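Chemist: Could you put together the complete structure from these sequences and hints?
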Amino acid sequence: MRTLVTLAALALPLSAQAAETGDLVRFVSCPVYRDADSGKKSGCWLATDPGSGQRWDVSQSPYKPNWDFAVLVEGRVSAASADPCGAPVLEPVRTSILPDPCTRHMLPAEGYKGRKFVLPPRNIQPLSVARDTPPGPYAERVFTTYFEFDRDFLVYQYDDYIIDKAVTWVRAAKPKKLVVTGFAATEPETVTGQMLAERPEVARERAESIALTLRRLLPELPVETKWELAAKPTDDPDADTIPGQSQRRAEIRAIF
Amino acid sequence: MAAADRFRRSLPLAGAALALILAVGARGNAPDRWWSPGEGRVLPASLDYANDHGVLRTLVVGGPLKTRGHPFFEPLGANGRACVTCHQPADAMSLSARTAQERWDATGGMDPLFAAIDGSNCPILPQGDKASHSLLLERGLFRIQRPWPVRTFNGQPVAPDFTIEIVRDPNGCNSAPGYGPNAGNVSVYRRVRPVANMKYLLAVGFAFDPKQGYALPLDPDDGKPQSGNLMADNRAGNLRLQMEDASSVHLEFARALTPAQIKRIQDFELSIYTAQQSSPAAGGGLDTMGATGGPAKLRDSQPGALGSIGTPVWSEFAAWDKISPEDAAKLTPQKLAFRQSVARGARVFRDKTFLITDSAGINSRMGFGNPVRNSCVFCHNMTQMGNDVAPGQVDLGTTTQPFADPWDDLPLFRITCLGQPHPHYGKVILTYDPGFALTSGKCADVGKITLQSMRGLAARAPYFSNGLARDLRGVVDYYERRYNIGYTEQEKQDLVNLMSVL
Chain A
97 MRTLVTLAAL ALPLSAQAAE TGDLVRFVSC PVYRDADSGK KSGCWLATDP GSGQRWDVSQ
157 SPYKPNWDFA VLVEGRVSAA SADPCGAPVL EPVRTSILPD PCTRHMLPAE GYKGRKFVLP
217 PRNIQPLSVA RDTPPGPYAE RVFTTYFEFD RDFLVYQYDD YIIDKAVTWV RAAKPKKLVV
277 TGFAATEPET VTGQMLAERP EVARERAESI ALTLRRLLPE LPVETKWELA AKPTDDPDAD
337 TIPGQSQRRA EIRAIF
Chain B
-12 MAAADRFRRS LPLAGAALAL ILAVGARGNA PDRWWSPGEG RVLPASLDYA NDHGVLRTLV
48 VGGPLKTRGH PFFEPLGANG RACVTCHQPA DAMSLSARTA QERWDATGGM DPLFAAIDGS
108 NCPILPQGDK ASHSLLLERG LFRIQRPWPV RTFNGQPVAP DFTIEIVRDP NGCNSAPGYG
168 PNAGNVSVYR RVRPVANMKY LLAVGFAFDP KQGYALPLDP DDGKPQSGNL MADNRAGNLR
228 LQMEDASSVH LEFARALTPA QIKRIQDFEL SIYTAQQSSP AAGGGLDTMG ATGGPAKLRD
288 SQPGALGSIG TPVWSEFAAW DKISPEDAAK LTPQKLAFRQ SVARGARVFR DKTFLITDSA
348 GINSRMGFGN PVRNSCVFCH NMTQMGNDVA PGQVDLGTTT QPFADPWDDL PLFRITCLGQ
408 PHPHYGKVIL TYDPGFALTS GKCADVGKIT LQSMRGLAAR APYFSNGLAR DLRGVVDYYE
468 RRYNIGYTEQ EKQDLVNLMS VL
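First to last, the protein sequences are chains A and B.
Mapped onto the working numbering, the consecutive letters of the first sequence carry residue numbers 97 to 352.
Mapped onto the working numbering, the consecutive letters of the second sequence carry residue numbers -12 to 489.
It is worth saying that the hints were derived from the structure and are not from the lab.
Watch out, some of these pointers could steer you wrong.
[What the hints assert, rightly or not] Calculated pairs, DSSO-like style, for lysine-lysine (alpha carbon to alpha carbon, straight line, at most 30 Å): (1) B:Lys479 to A:Lys212; (2) A:Lys273 to B:Lys211; (3) B:Lys479 to A:Lys209.
Please read all numbers here as calculations on a predicted model, not as lab measurements.
Modeler: Right, dumping it as structure tokens:
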């Protein structure tokens, strides 16, 4: 997987200048929950960039905030309407929970409806639904899973979808073994005046977490683990153009 | 106690009595409610027992079953108990506190049910005193002694990431000589989980446990994914492990179950279905006027379906939303209203959303966020059963401060997280039962208790793992104060009526 200079350039945070569609926004702040009610999972998550003072709708993250803790927001400015939650939208977007405590705050709906829940595109079928056999020919291939900042927890309706695809392919391709490499973004970066770097140990934790899952899903196949620090961004589509997300990954390499 | 006396005791209303006499009387006299170990009765293919809300029916696939010599029904261990002692057909294969009280009254406390090992608050207490069995008699609680430190989970060694100290030990089983963390064990107190409708509790819908962030663990016996829905603390992932645990502890069986015994018990547990069958308040069968309540539907359906993408949870009673004028004319206004209330209750259960907060297993570590707006069916999501399709380890706060009600008669533990603090409780936690954390060894799992089936609730009060809700209204009231839901009085009654017919 190659590293893109262009993505690195896009990773430069916006500060006070006006954000345009597609711009990358990255900041740390306390999340605010807006109690919009269009049914299940319809509430809004808002977060204000302390650098620009701009409040964003960050509700579309696959891993959502905890109102007791700060979040690292990484997202791209969307052209979508601000109507659902009362703030311009970041999408794609990620909201990683950080250990810094926040005062929990909830806004009433104030006429905003939120979004009626729809299944995200990355959702898995029940086991009772047969998977289509991926076509050959089969050769060495990498599947990549992604994580919240400094965590190794398999993300629901994101990583499970990717692993389900990987396992379906592996069952058809029958490689000799799998090698899982965990990565950690250990190079410090300053975000909203705060130095952020992932723990070096999380690279190994990610590798072992994914390896455990693969050993359960593919018990006959050897699974080895490796880990690397100072992860660089990649252009893998499943990172949804978020450079920070692409760094926080574990790669599953099928070896023949 | 004679069957007739028991029957009269269970019918507070004259109208209800008439309906139940019709329901049970049609099958002849109900057999004695209490199934004693080794008595050798034949378990019929269909067996009805009355309770406060109507009649519970138990079906045995392939029945009738001769219980003479059957390891589920025979006393295997030293204390004279059998599996059936705590898994009674009249109590939906669980055991209600009322039944425990009646056994005390009938036997002067001499029934094996009250064995010192776990049928008393602690074996060190004077066993002849009723007060020594208060937790079982008043809240249906048995003592569960878990090893400390936690040693293994899913076959893997565990080093707990928390310490445990005793704040209060009213019964002595966490501080007396030989008891408590310093002696290598922790005692908590829990309700009996029903042994019925097991194909649903064993069903696996998806390959992952999203609450733990891994693929499901594999069954050591057959290599298939485990549902994680059997035990309150998920300490046994299949029926063999569960029955081996139960026979050695609760039955004080000194030897190992033989493969033949294990197979017979497992075959029986997979053959038994139970659910409420009729309701005097509804004017008869729960499978009439378009409804499909009762255990036959459970027996005949495929398990493990997620209600949100298939048959909605509790849609068994959807037809009662639109009872035809012809059918309505056959009911009294009260019975028609009850049926409509049940149908409304099912909709409230599915559709009334509220903010779920600070509940590990929902608000953490999964990415749903804290808070998240959803309804009862968010977790109670399996069609026909209301348990969780995914492993159901969730912390509702029923056992842990500040959400748990004060219980002076339960031990209180102080948990200190050694690594990351708990995502909602912080570094130090006060709990009556650490729940799943006593299996996983993770501070983040303190207070998580596995969701269970909602079938046969009418027959097995009290509710929640520590019996905090004395009746069905108590269940609704707990959720109301825990999550500040804002149920109307009508909605509360609709939910109670729904639960009374499951």
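Chemist: Given the hinted pair B:Lys479 and A:Lys212, is their alpha-carbon gap at most 30 Å?
Modeler: Distance ~26 Å between B:Lys479 and A:Lys212 Cα, so the pair holds.
Chemist: Does B:Lys211 sit within 30 Å of A:Lys273, going by the straight-line distance between their CA atoms?
Modeler: With a Cα-Cα distance of about 21 Å, the restraint between A:Lys273 and B:Lys211 holds, given a limit of 30 Å.
Chemist: Within a Cα-Cα threshold of 30 Å, do B:Lys479 and A:Lys209 meet the stated pairing?
Modeler: 27 Å, holds
Comparing the model with each numbered hint stated earlier shows that all of them hold.
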